[in-house]
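> Residues per chain are reported as follows:
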Amino acid sequence: MNINLTLIGQTITFIIFVWFCMKFIWPPIMKALNERRKTIADGLAAAAEGQRERERGHQDAEQLIEQAKSQAQEIIAKAEKRGAEVVAEAKHEARAEGERIITAARGEVEMETNRAREQLRVQVATLAIAGAEQILSQEVDAKAHEQMLSELAGNL
Amino acid sequence: MASGEPLTASGYIKHHLQNLTFGNHPENGWSIAHSAQEASDMGFMAFHLDSLFWSIALGALFLLVFRIAAVRATSDTPGSFQNFIEWIVDFIEDNVRGSFSAKNDLIAPLALTLFVWVLLMNLMDLVPVDWIPEFAKLIGVEYMKVVPTTDPNITFGLALSVFALMIYYSIKIKGLGGFLGELTLQPFGKYMMPVNLFLEGISLIAKPLSHSLRLFGNLYAGEMIFILIALLYSTNIVLGALGGVLQWAWAVFHVLIVLLQAFIFMVLTIVYLDMAHHKH
Chain A
8 MNINLTLIGQ TITFIIFVWF CMKFIWPPIM KALNERRKTI ADGLAAAAEG
58 QRERERGHQD AEQLIEQAKS QAQEIIAKAE KRGAEVVAEA KHEARAEGER
108 IITAARGEVE METNRAREQL RVQVATLAIA GAEQILSQEV DAKAHEQMLS
158 ELAGNL
Chain B
71 MASGEPLTAS GYIKHHLQNL TFGNHPENGW SIAHSAQEAS DMGFMAFHLD
121 SLFWSIALGA LFLLVFRIAA VRATSDTPGS FQNFIEWIVD FIEDNVRGSF
171 SAKNDLIAPL ALTLFVWVLL MNLMDLVPVD WIPEFAKLIG VEYMKVVPTT
221 DPNITFGLAL SVFALMIYYS IKIKGLGGFL GELTLQPFGK YMMPVNLFLE
271 GISLIAKPLS HSLRLFGNLY AGEMIFILIA LLYSTNIVLG ALGGVLQWAW
321 AVFHVLIVLL QAFIFMVLTI VYLDMAHHKH
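Protein sequences appear in the order of chains A and B.
At position 28 of the first sequence (counting the first as 1) the number is 35 in the working numbering, and the numbers step up by one without a gap.
At position 179 of the second sequence (counting the first as 1) the number is 249 in the working numbering, and the numbers step up by one without a gap.
One thing to keep in mind: the hints can contain errors.
[What the hints assert, rightly or not] Using 25 Å as the maximum straight-line C-alpha spacing, the simulated DMTMM-like pairs for lysine to aspartate or glutamate come out as follows:
hint	chain 1	residue 1	chain 2	residue 2
1	B	LYS173	B	GLU163
2	A	LYS38	B	GLU252
3	A	LYS45	B	ASP164
4	A	LYS76	B	GLU252
5	A	LYS85	A	GLU96
6	A	LYS85	B	ASP344
7	A	LYS45	B	ASP146
8	A	LYS30	B	GLU252
9	B	LYS260	B	GLU270
10	A	LYS38	B	GLU270
11	A	LYS45	B	ASP344
12	A	LYS38	B	ASP344
13	A	LYS45	B	GLU156
14	B	LYS173	A	GLU42
15	B	LYS242	B	GLU252
16	A	LYS30	B	GLU156
17	A	LYS30	B	GLU97
18	A	LYS45	B	GLU252
19	A	LYS30	B	ASP146
20	A	LYS45	B	GLU270
21	A	LYS30	B	GLU270
22	A	LYS30	B	GLU163
23	A	LYS38	B	ASP146
24	A	LYS38	B	ASP111
The set of hints was computed from the structure by calculation and includes no laboratory data.
Predicted model, so just to flag it, every value in this text is computed and none were measured.
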């Protein structure tokens, strides 16, 4: 257990070792550690950002779907309204057409009636003339008149 | 066991506590000591080859392993080896940041070197006490003490280097006047200067002493107990078996001491240097 030159030898060794460690070991390891710390921090930040991005996308999609739904609703309502309008228009036209046909028919009937009446009038005149001829040509008696008159009436 | 000596308990212990010494013997000149007496005759002009060899080898192992990790270090996902090394570095970094408040790029590498190096040297204590010395004897080396931190030269070498750094930074940061002022003007004010110098001087000298002797004492005592347990193997089979159990139990407990002493040595280094960077 003597104190001797070993002390000096150990001191020199120590100085060399610490110098080596300080020069070639500590700085590269610390540099790598700090870089890795930064990489991990960046990675976590990126992951959080991705998460937020995803949520934002989700919200956007929901909004779009909502919009599409309301648009579809609008289109359907418009179509229904248009359909009702078309039906109403068709009804209106049909009614007008019908009325026109009825009016025309009525006119024709009237014309027919008038024509018949005219013919009748012509025939009545002829009959009256024929009757007058008969009366003038034959003796008049009550019986014969009665018979003639009823014949006349029957011809009416 | 030195050749020629009888196999006794005290001879065994003494042999285990003797360093392989190379030095300037008054009669033989520069040579390897063949006995404890020759080694102590060499005085200061001697090297403990075994302490220096293991200390340098373990330090080089530390530098090699960490240098590999440093070269491979990238910001990518680390492998398990890389992760383990970086975990140690991070642990040291945390400790330095927690205890050292000034800015100095030397402190963290210094703490890392001290922690891992002292830990590796301490761990040699867990190798069964006879393995390496017996192997050394086979290849013709007479003495072999494998735990460098049980050699006060090694612990003082570390502690005195730290002490020198302490003085250097004290003077650099506070100026010579500030450093001397701290030694002489407190705790009692300038009219009690001799008393102050006496108290502060003791406190200053006590730092490297306690720093190195704490490590040395703990490891030396642990080594001693391993040696005493190993003595049981040469008695009989019952005591030998007991020795096996005891050695295992003590080794388990000693793992704690080994780690704790390396950690304390590092923390004290950081704290002492932190004190050197601050005015009180």
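> Now tell me if each hint is right for this structure.
Hint by hint, here is what the structure shows:
no., hint, verdict
1, B:LYS173 x B:GLU163, "holds (13 Å)"
2, A:LYS38 x B:GLU252, "violated (38 Å)"
3, A:LYS45 x B:ASP164, "holds (18 Å)"
4, A:LYS76 x B:GLU252, "violated (84 Å)"
5, A:LYS85 x A:GLU96, "holds (16 Å)"
6, A:LYS85 x B:ASP344, "violated (85 Å)"
7, A:LYS45 x B:ASP146, "holds (11 Å)"
8, A:LYS30 x B:GLU252, "violated (33 Å)"
9, B:LYS260 x B:GLU270, "holds (13 Å)"
10, A:LYS38 x B:GLU270, "violated (41 Å)"
11, A:LYS45 x B:ASP344, "violated (29 Å)"
12, A:LYS38 x B:ASP344, "holds (24 Å)"
13, A:LYS45 x B:GLU156, "holds (16 Å)"
14, B:LYS173 x A:GLU42, "holds (21 Å)"
15, B:LYS242 x B:GLU252, "holds (14 Å)"
16, A:LYS30 x B:GLU156, "holds (17 Å)"
17, A:LYS30 x B:GLU97, "violated (45 Å)"
18, A:LYS45 x B:GLU252, "violated (43 Å)"
19, A:LYS30 x B:ASP146, "holds (23 Å)"
20, A:LYS45 x B:GLU270, "violated (46 Å)"
21, A:LYS30 x B:GLU270, "violated (35 Å)"
22, A:LYS30 x B:GLU163, "holds (16 Å)"
23, A:LYS38 x B:ASP146, "holds (12 Å)"
24, A:LYS38 x B:ASP111, "violated (51 Å)"
Checked against the numbered hints above, the structure breaks hints 2, 4, 6, 8, 10, 11, 17, 18, 20, 21, 24 and satisfies the rest.
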